[in-house]
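**Student:** Mind docking chain B on chain A? Use the hints.
So the sequence lines, in the order shown, correspond to chains A and B. For the first sequence, numbering that gives the first Met the number 0 assigns the number 0 to the initial residue and increments by one for each residue that follows. For the second sequence, numbering that gives the first Met the number 0 assigns the number 0 to the initial residue and increments by one for each residue that follows.
Some clues are possibly wrong.
Said to hold, decoys possible - Reference listing, derived: stretches of chain B covered by chain A, where coverage requires no fewer than 3 residues with Cβ under 8 angstroms from a Cβ of chain A:
no., stretch
1, 2-13
2, 78-87
3, 158-170
Claimed, not checked - Have a look at the derived ranges for each label pair, beta carbon to beta carbon:
no., chain 1, residue 1, chain 2, residue 2, range
4, A, Ala37, B, Thr140, 53 to 59 angstroms
5, B, Ile18, A, Glu89, 40 to 46 angstroms
6, B, Ile130, A, Glu65, 54 to 60 angstroms
7, B, Ile130, A, Val61, 56 to 62 angstroms
These aren't lab readings, by the way, just hints derived from the structure by calculation. Don't be surprised by glycine CBs; every beta carbon is placed ideally from N, CA and C.
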Amino acid sequence: MKKKLPNSCPSCSSELQVSSLHCNACDTTINGLYNLPAITLLDPKEQEFILKFVINSGSLKVMAKELNLSYPTVRNMLDELINKIKNLQENDQETI
Amino acid sequence: MIKKLFNPFEFIAGGKALIIGLIIILATVTIGFYSNTHFPDIISVKKAGEFPFSYLIIQSFTNWLVVSILFYLAAIILSKSKVRIIDIFGTQALARAPYILGALIGFSESLNKFSQYLLWMSLQVGDPVEITSFEAIIAVTLIVCTLLLTVWMITLMLNAYKVSANLKGVKLTVSFIIVFILAMVITATLSQIILNRMQTT
Chain A
0 MKKKLPNSCP SCSSELQVSS LHCNACDTTI NGLYNLPAIT LLDPKEQEFI LKFVINSGSL
60 KVMAKELNLS YPTVRNMLDE LINKIKNLQE NDQETI
Chain B
0 MIKKLFNPFE FIAGGKALII GLIIILATVT IGFYSNTHFP DIISVKKAGE FPFSYLIIQS
60 FTNWLVVSIL FYLAAIILSK SKVRIIDIFG TQALARAPYI LGALIGFSES LNKFSQYLLW
120 MSLQVGDPVE ITSFEAIIAV TLIVCTLLLT VWMITLMLNA YKVSANLKGV KLTVSFIIVF
180 ILAMVITATL SQIILNRMQT T
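Pulled out of the complex, with its shape left as it was, chain A reads as follows:
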C-alpha cells in the first residue's frame, strides 16, 4: 500500500511541520522543526498535475490533449496552481 504523506492536522486542520528525520542506514534521528516543502502541501491531484506537466516538457497543448480538456482550461488550472504555490511560499517565509 502506498502511504500518503499527510500535510494537515487531522485534529485541527492546521498545516503540519516535520519534527524528526530518521536515517535507516545508521539509525540516526534528527529532531527539529522544519516546514514541509510547498509542493507537499498541495492536494494529490495538484501534485499529479505538476508531475504530468513536467513529464510533458511543460507543454500545455500536450497536457490539454492528455487530459481531454481545452487549452485555456489547462492554462487556468496551471495559473491557479501558480497562485497557490506563491501563497504557500509567502506563508512559509512569514513563519520563518
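**Tutor:** The following block gives chain B in isolation, referenced to the frame of chain A:
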C-alpha cells in the same frame, strides 16, 4: 451532459471551436435566409421580409466580431493570465450555436400568422387574419423556445469569456455586463447603417 451543453469550452476552444463556430454561423445565416429570420444585434432574433444574403452574412459576422473584439480588449485589460485571441474568437463563435435553432423556428407558418394577427389586432396593420387556438399555442410555444435559446446563448457567451479570459467574481460579472451592453448598442447601430448603405447602393 448538462455541463457540456452550457460550458463546452472546458473541452473545446481555440482553432477547433473557431472552425466549428464559423460553420455554424454560416449555416445559421443560410437557414435564416430561407426562413426570413435575421439577427439585428448580438441577441435579437427577428422575422422580417426578404433581405439579401450578403446583408445577412455581414450582419451575423459583425455580431460575432464586435462581441469578440470587446471581450478580447476586456480580457487583456483585466486578466492576469496569458489570453489567446483565438480562444476568445473561437469560443464566442461557438457560443452562437443555439441560434441555428432560432433560424429554424423561423420556418413556422403559425409564427408568421400569429405575428400578422397581432399586428392587425393591435395596430390594424396588414390584412385581417384568422388564427386557430392550436396555431396560437404553437406560436406562443415557439416564442418561449426562442427566449430559452437566448438564455442558453447568453450563458454560453459568459462561460466562453470566463474560460478564455480566466476571470472570476466581480471582475467577470461587471466586465461581461458592460461588454454585453456595449456590443448590443454597437451591433444594432452597425446593422442599421449597413442596411441603409445597401439600400442606397
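**Student:** For each hint, tell me whether it holds in the structure or not.
**Tutor:** Each hint, compared with the structure:
no., hint, in the structure
1, 2-13, "holds (count 6)"
2, 78-87, "holds (count 5)"
3, 158-170, "holds (count 3)"
4, A:Ala37 with B:Thr140: 53 to 59 angstroms, "57 angstroms, holds"
5, B:Ile18 with A:Glu89: 40 to 46 angstroms, "43 angstroms, holds"
6, B:Ile130 with A:Glu65: 54 to 60 angstroms, "57 angstroms, holds"
7, B:Ile130 with A:Val61: 56 to 62 angstroms, "59 angstroms, holds"
The structure agrees with every numbered hint stated previously.
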